[in-house]
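**Q** Now for the letters of each chain:
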Amino acid sequence: MRNYATFLVRCGRLAFVGDWRYYTWLGALTAVILLGLNAYAKQFAVGLITTGMSDQVSWGVYIANFTFLVGMAAAAVMLVIPVHIYKNEDLHDLVIIGELFAVSAILMCLCFVTVDLGRPDRFWHLIPWIGIFHFPGSMLSWDVLVLNGYLLLNLHICGYMIYCRYCGRTPSKWFYYPFVFIGIIWAVSIHTVTAFLYVGLGGRPFWNSAVLGPRFIASAFTAGPAFIIIALQVLRHFSTYRVTDKALMTLRSIIQVAMLVNLFLLANEAFNEFYAGGRHIASTRYLFFGLHGHHALVPWIWTAVTFNVISAILFVMKASRRIPVLNITCALAIVGIWIEKGMGMVVPGFIPTPIGEIVDYTPSFNEVLICLGIWAFGFLCFTIFLRMSVPVLQGKVFMARPREAQA
Amino acid sequence: METERKTQVVLAVLTMGFAALAINFVRVPARAGVEKRAPLILPGSLAIVPGTIRVSAAQLVASGGDASGLQCYACHDAKKPPEIRYDANHRVVLPKEHLDLIYGMRNCSECHTPDEGVKIEYNADGVVIIPDAHRNLAHMAHGRYLRNEDCFNCHVSTQLDHLHTPEGLVVGLDQATQLCAGCHGTQYRDWESGAHGRRNGYWKSSAGPTVRQECTSCHDPHAPAFTPLIPMPAPHSLHDPRRNPS
Amino acid sequence: MTPDETPPEGMTRRSFLRTSTVLATGAAAIAAGLAPLRKIGHYSSVEEFLQKQYKELSPAEMKVVLARIEGEVERQYGIRPHVRDYKPMSGVQFVYALNLSRCVGCRKCVHACVAENNQSRNPEIQYIRVVKLPNDGSFDLESGDVNYTPKSVPEAGFFYMPIQCHQCHNPPCVTVCPVKATWQEADGITVIDYNWCIGCRYCEAACPYFARRFNFATPSIPKEQINPKMSYLGNRPRYKGVMEKCHFCIQRTREGRYPACVEVCPTGSRKFGNILDPDSEVSYILKNKRVFVLKEELGTHPRFFYYFDI
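In order, the protein sequence lines correspond to chains A, B and C.
Each residue of the first sequence is one higher than the one before, counting from 0 in numbering that gives the first Met the number 0.
Each residue of the second sequence is one higher than the one before, counting from 0 in numbering that gives the first Met the number 0.
Each residue of the third sequence is one higher than the one before, counting from 0 in numbering that gives the first Met the number 0.
Calculated from the structure, these hints are not laboratory results.
Not close to chain A: a few residues of chain B, all C-beta gaps over 10 angstroms, as computed:
hint: 1; residue: Ala87
hint: 2; residue: Asn152
hint: 3; residue: His154
hint: 4; residue: Val155
hint: 5; residue: His163
hint: 6; residue: Ala180
hint: 7; residue: Gly181
hint: 8; residue: Thr185
hint: 9; residue: Ser192
hint: 10; residue: Gly200
hint: 11; residue: Thr209
hint: 12; residue: Asp219
hint: 13; residue: Phe225
Now the in silico label distances, taken between C-beta atoms and shown as ranges:
hint: 14; chain 1: C; residue 1: Glu223; chain 2: B; residue 2: Val155; range: 49 to 55 angstroms
hint: 15; chain 1: A; residue 1: Ile181; chain 2: C; residue 2: Ala26; range: 36 to 42 angstroms
hint: 16; chain 1: B; residue 1: Thr226; chain 2: C; residue 2: Lys54; range: 48 to 54 angstroms
hint: 17; chain 1: A; residue 1: Leu151; chain 2: B; residue 2: Gln7; range: 39 to 45 angstroms
hint: 18; chain 1: A; residue 1: Trp123; chain 2: C; residue 2: Gly136; range: 51 to 57 angstroms
Since we're looking at a predicted model, the values are computed, not measured.
Don't be surprised by glycine CBs; every beta carbon is placed ideally from N, CA and C.
Build out the structure end to end from the sequences listed, making use of the hints.
**A** Spelled out as structure tokens, the structure:
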């Protein structure tokens, strides 16, 4: 127990130590977080009227970012599967990095949901037995369960693996293998449950589509590994940690399949909506072509589709084996999917309202500040996690062995 | 060394930056949304057109009001022509006795000039002869295509303040509903069950009285169609620029 | 000696000063960042924070809660209200019928509701939405207009359809609430416990009729227009950050009276009553008129019916 405490203290101290680039990065992130915190304090004091949301469009960028980030969190499993199922040892240590990324993403998700609540002080109403937890009726209760479970799962696996490496022990199979396999299924479930939040609403025909769940998974497994590819290169550049190009190429091959499936499902959705037409496709028309003079989202969605198509083509081409091209392709995929799944999925579901009214939504400045603050918080967490765990994984920080203790 | 210097510089800059942020946060107040906001719709602007329920003859009688104006022959006699008064703008001044009788809020001076002598003609039995001009579309608005313009279709010719039903029953003005029911059977049937017309008070009759209106309380018998109303204000959505920012 | 990057001699005085300066500035910045919270004023008392959900309150606890709410309203608006907890009557299932041939679109119902139920004037909350639809052979809500402001109504070639909470038999809003802050009572009214709602707005997304409203800011009601006769589940003033919606004027209907919208309608288009009473006007209407409901294909089974007469 004392060893564990020492381990935590040493890791904590590590987080504050770095060179000037580290301080600049963390300082800038902290500044953005403070701006976000101030903006949230304003929102907490005045109410959600400081956002651009209204009764007509009652979910906005907060839930859009939440949806996107749940997908990113689920994508950590994309590293787990090759390592533990296909025994790809190149990626072995990267599993931990992927799971730390998942933890950061889940923390961001929890923040986004909290800032979206009208009464966050009443969060205790959600706790089973203390409050009233509407499980299994409400899909939101499922979401609360699976997200927190996924967080604990990943914290356990990473924490255990890193601590074992610190102690110089080989991890005991029973403490992590079962959790790893549960984690694979759980990762798919967190994103499917999030999709079901939307799919289960019969009054919103834009969301009430069977293909939404598969689309979520496909886009998550594109954007997540794309982000990890970029993150690993940043890690490679700023530390002595060894990341082989082969690892990056393995991730690239995962993205190839996922992106093509994503585009195929988009085509399915388009055919479903536009072939028979009818009144229930009003939201889809609003998104792609504008409706009754309102066309705020049209440039956004076509940008997203263009980015996705270009990155899909690049991914299957040999050109993206070269790192610079790969990075651009990943960036295009992340941005395209962020738009398509975030603003391009959440907001059109509300326009027009179920009784035909059209009220546009534009995020307010305060709302954007809060979003940036939470993203900065996520980056901060991820940076600090890496700062703490990489030296341990490299063997540079380890527990003092009795025979090496100084007098 | 070089890196150590850079680190010091970065830390110093960050410290100053945070201090500046802190000062800024304290200086700039939160959005003034917690203060009182003026209502979007001023109470005085609520346009309630009076007379969506008119005071009908029945209500006048029931409330014990002065119904003497409804008894025509109390004032008008074959031998006593009525005097018509005009105001400064040559508009007919409607006698108060006629206020509830004159349908459609028309003004007599639309057709009658101040210096014209209006004569009421009576037939041999002393019954008023309705001028042809008073029979046409301009005056009588009961019926969309075929006008119910003969006064004596409803009013008893010898007793103008009484009505007669198609079956020959004579009723007072306060029982006009029975007359209306003779032609408007479906509406009457619905009115009896509560589906037609206003209901106020209690839906649970054992808890209190349910108030329903007579036909003539909402429908002017000489121009039964509802007059258009001024609509109340439209909704304002949350970020409507017309909102009072205060 | 364990090789990591902590200097062997530990903290020097210089590094201690440096670190503590940065940390102090950081703490000050965080505190300053939270400065807007000073403007909150009275947010929530401890009792209010710990209050249980409506269905778990014992009658004695409910009395304490009602007294507390009366005190809160008095503090905020300067008038002493009378807040009661109206229970559903037995043998009652409410049904609402609206005659689309008679509605002239005057919106008196909208504003009577606002006055009766203490809704916020700015930001404006209105439970009833009147949709103006063209008489062109279709019934497409998308071609509707809620913002009509003509000189007089009704306008030729149009008809008007007011929409409010339908108190569905199978309410999607009740299914999706993660804390069970909204549920349907025995007499058919779907209610919200304003002290339990966490403001996630999932119910607002789930409602197919755009019936639910959210308090994006603290509601503002002119003191002189407050209706002091209040009910716990109905028209007591709501809080910032919670949902609200039409509740069939619980404070009136559970005493046997008509809701405000029915009382004020000048053309008698609105009909309300107990469907279990065969002599009620709503029983007559459902039996004899051609009634329909909106979005029947969704399976919500509304208890709000529309019909045309002529």
